[in-house]
Amino acid sequence: MNTIRSPYTFRGGIHPAYNKELAAGAAIRELPMPARLVVPMSQHLGAPAKPVVKVGDTVKSGQLIGEQNGFISAAVHAPAGGKVAAIENTVSASGRACLAVVIETDGSAERQTMPALKAWRGVDRKELAARIGEAGVVGMGGAGFPTRVKLSPPSDKPIDTVILNGAECEPYLTADHRMMIERAGEISVGAEIIRHVLGAKCLRVAIEDNKPDAIAAMEKAFAEMDGDVAVTVLKTSYPQGSEKQQIYSVTGREVPRGGLPMDVGCVVENVSTAYAVWDAVLNGEPLTRRVISVTGDAVSEPSNLLAPCGTLYADLVAACGGIKGKAAKIISGGPMMGFAVGSLDVPTGKTASGLLLLSASRVTAFTSQACISCGRCVDACPMRLAPAELSQFIEADDIEGAEGIALMDCIECGSCAFVCPARRPLVHHMRRGKAAVMAKRAAAKRG
Amino acid sequence: MEYLLLIVSAVLVNNFVLSRFLGICPFLGVSKKISTALGMSGAVMFVMTMASAVTWCLQKFLLAPFGLDKFLQTLTFILVIAALVQLIDIVMKRFAPPLHAALGIFLPLITTNCAVLGAAVLNMKEGFGFFKSVLFGFSAALGFALALLIFTGLREKIERADPPRCFRGVAISLVTAGLLSLAFMGFSGLVK
Amino acid sequence: MEPIITSTLCVGGIGLASAAALAVAEKYLSVKEDPRINKVTEMLPGANCGGCGYAGCADYARKIVNDNVDLTLCAPGGSECAAAIAAFLGRAAGAVEKRVAIVLCCGDDTEAVRRAAYNGITDCAAAQATAGGDKGCTYGCLGYGSCARVCPVDAIAIVNGLAKVDKTRCIACGKCVDVCPRKLIKLVPAAAEIHVLCSSKDKGPAVKKVCGTGCIGCRICTKFADDGAIVMDGFLAVVDYTKRLTNEEVVAKCPGHCIRSDGAGNKETAAAS
Chain R
1 MNTIRSPYTF
11 RGGIHPAYNK
21 ELAAGAAIRE
31 LPMPARLVVP
41 MSQHLGAPAK
51 PVVKVGDTVK
61 SGQLIGEQNG
71 FISAAVHAPA
81 GGKVAAIENT
91 VSASGRACLA
101 VVIETDGSAE
111 RQTMPALKAW
121 RGVDRKELAA
131 RIGEAGVVGM
141 GGAGFPTRVK
151 LSPPSDKPID
161 TVILNGAECE
171 PYLTADHRMM
181 IERAGEISVG
191 AEIIRHVLGA
201 KCLRVAIEDN
211 KPDAIAAMEK
221 AFAEMDGDVA
231 VTVLKTSYPQ
241 GSEKQQIYSV
251 TGREVPRGGL
261 PMDVGCVVEN
271 VSTAYAVWDA
281 VLNGEPLTRR
291 VISVTGDAVS
301 EPSNLLAPCG
311 TLYADLVAAC
321 GGIKGKAAKI
331 ISGGPMMGFA
341 VGSLDVPTGK
351 TASGLLLLSA
361 SRVTAFTSQA
371 CISCGRCVDA
381 CPMRLAPAEL
391 SQFIEADDIE
401 GAEGIALMDC
411 IECGSCAFVC
421 PARRPLVHHM
431 RRGKAAVMAK
441 RAAAKRG
Chain Z
1001 MEYLLLIVSA
1011 VLVNNFVLSR
1021 FLGICPFLGV
1031 SKKISTALGM
1041 SGAVMFVMTM
1051 ASAVTWCLQK
1061 FLLAPFGLDK
1071 FLQTLTFILV
1081 IAALVQLIDI
1091 VMKRFAPPLH
1101 AALGIFLPLI
1111 TTNCAVLGAA
1121 VLNMKEGFGF
1131 FKSVLFGFSA
1141 ALGFALALLI
1151 FTGLREKIER
1161 ADPPRCFRGV
1171 AISLVTAGLL
1181 SLAFMGFSGL
1191 VK
Chain H
2001 MEPIITSTLC
2011 VGGIGLASAA
2021 ALAVAEKYLS
2031 VKEDPRINKV
2041 TEMLPGANCG
2051 GCGYAGCADY
2061 ARKIVNDNVD
2071 LTLCAPGGSE
2081 CAAAIAAFLG
2091 RAAGAVEKRV
2101 AIVLCCGDDT
2111 EAVRRAAYNG
2121 ITDCAAAQAT
2131 AGGDKGCTYG
2141 CLGYGSCARV
2151 CPVDAIAIVN
2161 GLAKVDKTRC
2171 IACGKCVDVC
2181 PRKLIKLVPA
2191 AAEIHVLCSS
2201 KDKGPAVKKV
2211 CGTGCIGCRI
2221 CTKFADDGAI
2231 VMDGFLAVVD
2241 YTKRLTNEEV
2251 VAKCPGHCIR
2261 SDGAGNKETA
2271 AAS
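Residue numbers (our numbering), protein chains in the order written: chain R, 1 to 447; chain Z, 1001 to 1192; chain H, 2001 to 2273.
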C-alpha cells in the first residue's frame, strides 16, 4: 500500500470555484423517515424496472418492488415499510417522465433482507455479481449504470485495474467526500469485493488533491490490504471524476473512441457504490438509501443527509432548516452536470448525489451572444471536440453535420459553456443535438 | 518553368473569377453545397480544356487560312462550345445521373459561360500554341474550381452563422465574394 | 473567294458537323425517360415540402408515373391538382380532403401559468427535457416555436407564448406535427370549424390550477354536440373529425372556454360585439 502522485492528467478541463466548504464539514445525518416516498422505477441507466406490487399492498422495508427488466436494468426495493398508495407517472429529476411507486410509510421496523454472505471470499464470483444485481446496486456517481453488468465483463476483456472514484470533481457536492471520511472501512471492503469479483490485480483509489482528509482516511483504510493497492492523488481539475478522463489520469491509458473502460482493462466504481456493494454482500441489504448533499447558499444548514431513495426534495430541504431567503435556481446534482428542477416535488434516486439551492446573487441571468470564434471551448473540452462548431451545426439543424464531427463523443461536462465569453449555452445545444441523434437512430431501428 | 508560370498566373494571379470576373453566374449559383460545387468544377474543367483544344484547331485550320478570324471568332467559338456542352450533357445523363441532377440548369448554362469563351478568346489573343492553349484552358478552369470551392466552403459556414437580418442570403454572399476577390489581389505581382 | 461565301460555308459546316455529332450521341447514348414524369412534376405545386413522404415533387411524380402511387398524397395541391394529374394520366383521381394543422392548446401566457423561469435555448424539445418544461400544464404548448421554425410556408406564429396556425397558409405537410415534443399539433379537415383546444388529460381541479382555459372534463359539450361529434378521452373532450360538428352552442356552453370556433359563427359574434 502506498500513495502515488499521478504523473498524468487529462487535457483540457476547467477550475471552477468549488464551494465545497459549505457542506464539507457537515457529518452525515440520517433523515427521519418521510411519511410519503415516491420511488421511481427508473433510477438507473437502461430499461425501467417493472413494478411487482399493486396499489394497496403492504410492503416491508427492503422488499423488492420493481424487478430488473432486461440486461441493462436494475431492481428497485422499498426503502421503508408501508402501504402502496399509488403507482403513477412522475417527472424524475432529469426531467423525464417515469413510473413511480408511492409508499405511505408506517414506521414499522420490520426488514426483509437477503442472507448475508459474511465469508464472501469463498463465494463464487458469478454469485457475488448476481447478489450485487439482486440488491439493485448501480453506479452512484451519476449515470447509474448497473454495477452487475460492469462486474461481468466478457471473457475476452480481462480487467487488470479497478479504480475507485473518489474524485468528486463537481463543485459544491460533498457526499462522496464525507463517505470516504466516515465510511472508510466499509468502502475498503466493498472495493476489495469488486476487485475479487473482477479478478483484477491492481486497485487504485483516485482522489483529487483538494481533499487531504479523505486521502488520509483512505490511506488508513487500505493500509492493511494485500496486493497492488494504492491511493492515487490527482490534480484538482474538472472533470477529473469523469470515467474516461480519470482512467487516463490514473493509468495513462486512453479509452478508444466509442469504447468502454473495459477495452483498456479498467473498471471505475464510485466510492458510494463500493459502500453499497459492502452492504449488499455482508449485510444482504438492498440499495435503498444514499448520502446526498443538500447545499448551496440558499439552504439554512447545508448538510449531507442519508436519505431513502424516493424522498421528495421538499423533505430534504425541510430537514436542512428550509430555504434561506429565496432560491433562484434549484439544481438536482452538481452545478456543472446537474438538472435544473422546476419544483421540489421531485423524488431522489440512487444517482442523486446532491441538491443545490442557489440564491439570486449566485445565478446570472444572461443572454447568449454570437460566437466570437475565440476557441476557448476547444481548449477546455476534455474530449477534444470543437464545441463552437458543433453548436453551430445543431443550431442550423444540421444534425448529420454535427454527428460527423463527433457530437456523440460529448460527455456534457459543461466545461465549454463554463469558459465561453459569449455565454453561449453550448451544453444545452449538445444535449438537444444528442437527443435528436438518438431519436433518429431509434426511428431507423424501428424501420 | 514557362508552363509553371502559366499555371500559377492563370490559377492565382489572374484568377478567372476573382480577378477577371468571368463566370460569376455559376460561381454564385452552384456554391451552396460542396458536392455540387465539385461536380460543377469538374464539368467546367472538362469543357474548358476541350474547348481550348477545339477552338485552337478551329482558329488554326479554318478561320485563319480563310481570313475569317477577325470577325467570325466569337460566333464559331460559341457554336462549337455549345455543341460540346450538349455532348457532355448527354454523356453525363447516361453515365452519372446523380451528378446530372445535381448540376441541373447550370450544365447547359456553361454554354453561355463567359469563362469558357474567355479562355478560348484569350488563347488566340496571346497567340499560344496548341499545347499552351490546352494548358491555359485547364489552368483557368483550375482557378475557377479553386475560387468556387473556397467560396462554397465559406458559404456553407455562413449558412450556419447568424448574420444581421439585412445581410442574410445573397447579400452576405456577395460581400464574401468581394472580400475573397480582394484577398486574391494580394497575388498580383507574383508573376510578371 | 468572297468572304461572305467562306463565312457562310464555314459556319454552316461547323453547325452541320456539330449537329451530326450530337445526333449520333443522342441515338447511342441517350437515356429513355418517361416524358410524363416531367409533365406531372410541373403539375405538382413545386413546394418540395415532402409531406407526401417522398423526396420532393419530382420524386413523387416519378413514383406516380412508375409505381402507380396514390394521387391524393399531395396536400398543398389538393383535389384540383390530383384531378388534373388523373385526367392527364387517365387514372381515377380520388378526392383529397383539404386538411390544415391545428394546435390543440389555447393556454397562452395570460391564461396558463409557468411554474419556473426557463432560460435555456429557444427550442421546445430542449425546454421539455429541462425538468419537463416550464409550463405549469404538462400537456400544453410550450411556445418556444420549434413548429414555427420547421414550417416551410411560415404559417405558424407564436402569439403570447402559444403557437397559432394560419389556416389560409397551411399546406398540411405535417412537419410541425412531427417536431412538437408534446404532440399537440394535429392535421384536421379544413372544413371543421369547431375545435376543443386543449390536450390536458388531467382531472378538472388539476387543470384549473394551471390554466384558465383548459378542458375540465365536465362532458357538457358532449350533450350539445351533434351525433357524438365530441367524445371523451378520460377527462378530455376530443372532437371526432370524421363527423361533422356544426352546433356553435358548444362554444358558448363550455365552462373551460377551450372550445373555439374559427368559422362564420365566430365572425358574427365578433361583429356583434
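Check before you lean on any hint, since a few could be wrong.
[What the hints assert, rightly or not] Every beta carbon over 10 Å from chain H, so not counted as near; a handful from chain Z, in silico:
1) 1029
2) 1079
3) 1109
4) 1124
5) 1149
6) 1155
[Said to hold, decoys possible] Listed below are the simulated DSSO-like cross-link pairs for lysine-lysine, each with C-alpha atoms no more than 27 Å apart in a straight line:
7) H:2209 to R:326
8) R:54 to H:2203
9) R:434 to Z:1093
10) H:2201 to R:54
11) R:440 to H:2063
[As the list claims (entries may be wrong)] Cβ-Cβ distance ranges computed for the label pairs, FRET-style:
12) Z:1001 to R:252: 50 to 58 Å
13) R:1 to H:2178: 19 to 27 Å
14) R:441 to Z:1129: 55 to 63 Å
15) R:325 to H:2098: 51 to 59 Å
16) R:343 to H:2218: 57 to 65 Å
No lab work stands behind these hints, which were simulated from the structure alone. Virtual Cβ for every residue (Gly too), placed ideally from N, Cα, C.
Verification of the hints:
1. Every CB of chain H lies more than 10 Å from the CB of residue 1029 of chain Z, the least distance being 18 Å, so the non-interface label holds.
2. At the 10 Å boundary, the C-beta of residue 1079 of chain Z falls inside the reach of chain H, the nearest C-beta of that chain being 6 Å off.
3. Under the 10 Å C-beta cut-off, the non-interface status given to residue 1109 of chain Z relative to chain H holds; the minimum distance is some 18 Å.
4. Taking the minimum C-beta to C-beta distance to chain H, about 16 Å, the non-interface status of residue 1124 of chain Z holds against the 10 Å cut.
5. Remark: the non-interface label on residue 1149 of chain Z is consistent with the geometry, its nearest Cβ contact in chain H lying 26 Å away (cut-off 10 Å).
6. The beta carbon of residue 1155 of chain Z is kept farther than 10 Å from every beta carbon of chain H, the shortest such distance being approximately 20 Å.
7. A distance of roughly 23 Å separates the Cα atoms of residue 2209 of chain H and residue 326 of chain R; the hinted pair therefore holds under the 27 Å criterion.
8. Taking the CA atoms of residue 54 of chain R and residue 2203 of chain H, the gap is about 22 Å. The hint holds against a cut of 27 Å.
9. Taking the CA atoms of residue 434 of chain R and residue 1093 of chain Z, the gap is near 39 Å; set against the 27 Å cutoff, the hint is violated.
10. Under the criterion of a C-alpha separation no larger than 27 Å, the hint pairing residue 2201 of chain H with residue 54 of chain R is consistent with the structure, at around 23 Å.
11. Distance check on the hinted pair: residue 440 of chain R and residue 2063 of chain H sit about 25 Å apart at the alpha-carbon level, within 27 Å; holds.
12. At about 53 Å, the beta-carbon gap between residue 1001 of chain Z and residue 252 of chain R stays in the expected band of 50 to 58 Å.
13. Distance hint check: the CB atoms of residue 1 of chain R and residue 2178 of chain H are about 59 Å apart, inconsistent with the given range 19 to 27 Å.
14. About 60 Å separates the C-beta atoms of residue 441 of chain R and residue 1129 of chain Z, a value consistent with the hinted range of 55 to 63 Å.
15. At about 57 Å, the CB distance of residue 325 of chain R to residue 2098 of chain H agrees with the hint of 51 to 59 Å.
16. Under the hint 57 to 65 Å, the C-beta atoms of residue 343 of chain R and residue 2218 of chain H, about 27 Å apart, miss the expected range.
Of the numbered hints given earlier, the model fails hints 2, 9, 13, 16; all others are met.
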